[in-house]
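Taken in order, these protein sequences are the chains called A and B. When the letters of the first sequence are read in order and numbered with this note's numbering, they come out as residues 1 to 341. When the letters of the second sequence are read in order and numbered with this note's numbering, they come out as residues 1 to 341.
Careful: at least some of the hints might be erroneous.
Copies of the same chain look alike in the list, so a pair counts if it works inside one copy or between any two.
25 Å max Cα-Cα, derived DSS-like pairs, lysine-lysine [claimed, not checked]:
#	residue 1	residue 2
1	K14	K147
2	K165	K210
3	K71	K28
4	K147	K59
5	K14	K71
6	K71	K59
7	K147	K71
8	K192	K249
9	K222	K210
10	K210	K192
11	K249	K337
12	K59	K48
Hints were generated in silico from the structure; no laboratory data involved.
These are the residues of each chain, in order.
2 protein chains.
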Amino acid sequence: MVQLNPNNPLDGGKLTIADIAEALGVSKSTVSRSISGKGRISEDTRTKVLDFIAEHDYKPNQLARGLANSKTYNIGWIVPGDSDNDALPFFQRCMMGVEEIAAAFDYDILISLVFDNDLSGLQRVINNRKVDGIILARTLLDDPNVKCLLEGEIPFVVIGSTPEKGVIQIDNDHVAACKELTSILILKGIRKLAFICGNSNHVVNQSRLKGFMDGVEAGGVKPDNSNIYMDCDTDEDIERALDEALRNKVQCIVCADDHICYTVINNLNRDGISIPGDIKVASFYNSILLDRNQPPITSLQYDPKELGMTACRTLLDYIDGQPVNEKVMLSYEVMLKGSTL
Amino acid sequence: MVQLNPNNPLDGGKLTIADIAEALGVSKSTVSRSISGKGRISEDTRTKVLDFIAEHDYKPNQLARGLANSKTYNIGWIVPGDSDNDALPFFQRCMMGVEEIAAAFDYDILISLVFDNDLSGLQRVINNRKVDGIILARTLLDDPNVKCLLEGEIPFVVIGSTPEKGVIQIDNDHVAACKELTSILILKGIRKLAFICGNSNHVVNQSRLKGFMDGVEAGGVKPDNSNIYMDCDTDEDIERALDEALRNKVQCIVCADDHICYTVINNLNRDGISIPGDIKVASFYNSILLDRNQPPITSLQYDPKELGMTACRTLLDYIDGQPVNEKVMLSYEVMLKGSTL
DNA sequence: TTGAAAGCGCTAACAA
DNA sequence: TTGTTAGCGCTTTCAA
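From just these sequences and the hints, can you work out the full model?
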């Protein structure tokens with residue numbers, strides 16, 4: 001059994017600003033000023049203090065600093081707790097972007113998972129007031145999280161888009177991207193496409209649907225609602241959609257995301273249906289999973305880390321009182337690969 | 001452009017304990033006591049205060065509370081930032097366990113990513129003292145993170161094992177688990193096995209290797225070092241190991257983890273080598289990926305969420321000054337599936 | 001350029 | 001049972 005040495009609490013033996021002041025025969029404010037650089041101070045005393053600090057490895061107490069000026073130096077990262085495994089890497093890369101920027105400004109990330117119909121995690125973060133701002137990693141069509149954030153008086157940005165007014169949004173231009181890819185497919189002579197999509201309550205899926213439809217229309221192909229499969233949330237849904245699309249003799253399966261595409265490929269492989277010989281496959285999201293497939297899958301490529309970095313930078317600016325754009329659209333890339341040859 | 005309303009800082013219009021005290025004509029300490037329940041207080045005043053609080057939606061400032069009693073009510077979750085996509089779900093599920101327990105005790109999770117040879121993230125967390133304790137999500141053989149934590153005077157537990165003394169460890173019994181699965185395979189008549197493993201600097205991989213060797217020995221099979229492939233960090237390494245194992249005519253490929261197993265299966269499928277007909281495959285870690293494979297893969301199963309929950313509970317106990325076990329071993333399950341029939 | 005003092009919002013001895 | 005007071009460690013006016 002191990003037990004914590006009781007005379008070793010967090011502040012145990014830790015230097016405070018008062019200790020430094022006393023040791024150096026100056027006042028606390030002098031020390032504070034030396035550290036922050038705010039207010040006038042002689043170069044002499046400043047270096048004297050700084051030297052002492054370096055030598056004695058003093059670390060300011062962020063809590064106290066926070067209390068004194070109503071800041072926490074934390075930002076909240078709100079991420080869906082029930083996203084499927086294939087979506088995890090996306091959020092993880094986003095978070096890495098957030099953390100990179102946050103760290104550069106000496107901010108830390110407080111994480112909270114939200115589940116469908118369970119706002120408690122988000123509410124905790126807001127209520128506890130341990131963050132200066134919040135980044136919501138994904139948006140829903142009628143998003144209770146966004147509503148909750150709008151009510152809580154706390155700066156926030158969302159990664160994704162939302163119909164809600166006055167929300168700072170960082171997103172890729174999914175509509176344009178999906179339209180472009182779809183158009184290209186049609187230009188290649190593919191006239192009959194199926195679109196298999198997940199949860200239609202996710203804004204991103206709505207955008208992808210719209211992009212797909214726009215692309216179909218722009219390509220002069222009559223939109224065919226019978227080959228649009230929304231809300232394929234389970235693998236069974238996806239398989240059912242795929243089966244029907246195959247029966248309908250579509251030439252290309254366009255998958256809204258990674259997970260769907262992975263499932264589609266798996267099924268086609270299992271049934272000995274060859275890509276792109278028998279049928280072509282494209283995806284509106286790229287992942288390593290798809291890229292290392294044989295053949296690699298034509299897809300759209302976004303930069304999730306960039307998304308996170310931009311979101312964090314924007315939030316920090318906003319917290320800082322600087323004006324920021326209500327909507328930032330990041331770019332995308334169309335990756336034509338072997339699956340649509 | 002959107003801009004933050006400047007008269008809406010974090011504390012803007014927020015009620016404080018002093019406001020409540022004044023409104024109710026009592027002292028601050030009475031209010032404080034009513035909330036915390038510490039110290040004696042009459043039921044009357046207590047409900048009076050609580051009612052007021054409920055009605056006016058008062059939320060205590062956790063920062064101030066923390067400063068007053070040297071606590072942050074945060075715990076740090078240190079997770080490798082460069083783990084491959086296949087490992088992400090494991091850490092994510094762990095974290096969900098951590099967060100579940102943490103939330104129950106009104107603790108929040110501060111996240112920090114660590115990369116190989118980059119301790120800055122961890123150091124920031126320690127230095128900023130914004131956490132009461134830390135959970136390290138993975139251990140290395142000669143782990144700089146553990147060393148760093150040992151120096152920083154902060155309670156911590158690791159998920160995984162470490163040779164370092166005096167470290168609180170929560171782990172599955174990988175050695176026993178891997179030994180058991182290996183023994184079973186041998187009992188089924190498989191005499192020639194290959195073991196393909198990742199980074200040998202990860203403690204878990206060392207344990208798996210040991211378990212495998214123990215199992216081989218217990219099964220009365222002469223250990224064959226030529227079919228042990230360590231440090232297969234890239235897909236190319238894995239493929240090379242697989243090729244050699246196939247040339248050596250092993251009967252079963254035992255994969256140390258998800259990612260390796262996934263790559264192995266992919267390669268076998270691509271080359272038309274059938275499982276379990278031509279060769280059998282087993283994995284020392286189960287994932288949905290492997291379970292939905294055709295055929296499903298024989299593997300070990302652990303409960304990552306349980307790992308996280310136990311780690312968090314242990315850490316909280318430890319922070320609380322209660323004695324805790326230096327090492328907690330969680331159980332495992334052997335899942336025999338079609339890949340080793 | 002520096003210091004004294006008040007205050008951030010809460011807790012916890014100590015008194016009453 | 002309640003109030004008074006001092007403090008947690010830092011920032012920031014205001015004076016000197």
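Now for the hints, and whether the structure bears them out:
no. : hint        : result
1   : K14 x K147  : between (42 Å within a copy, 20 Å between copies)
2   : K165 x K210 : within (20 Å within a copy, 59 Å between copies)
3   : K71 x K28   : both (20 Å within a copy, 23 Å between copies)
4   : K147 x K59  : between (39 Å within a copy, 19 Å between copies)
5   : K14 x K71   : both (22 Å within a copy, 14 Å between copies)
6   : K71 x K59   : both (17 Å within a copy, 16 Å between copies)
7   : K147 x K71  : within (24 Å within a copy, 31 Å between copies)
8   : K192 x K249 : within (8 Å within a copy, 47 Å between copies)
9   : K222 x K210 : within (15 Å within a copy, 62 Å between copies)
10  : K210 x K192 : within (17 Å within a copy, 55 Å between copies)
11  : K249 x K337 : within (22 Å within a copy, 35 Å between copies)
12  : K59 x K48   : within (16 Å within a copy, 42 Å between copies)
Hint check: no violations occur; every hint is consistent with the structure.
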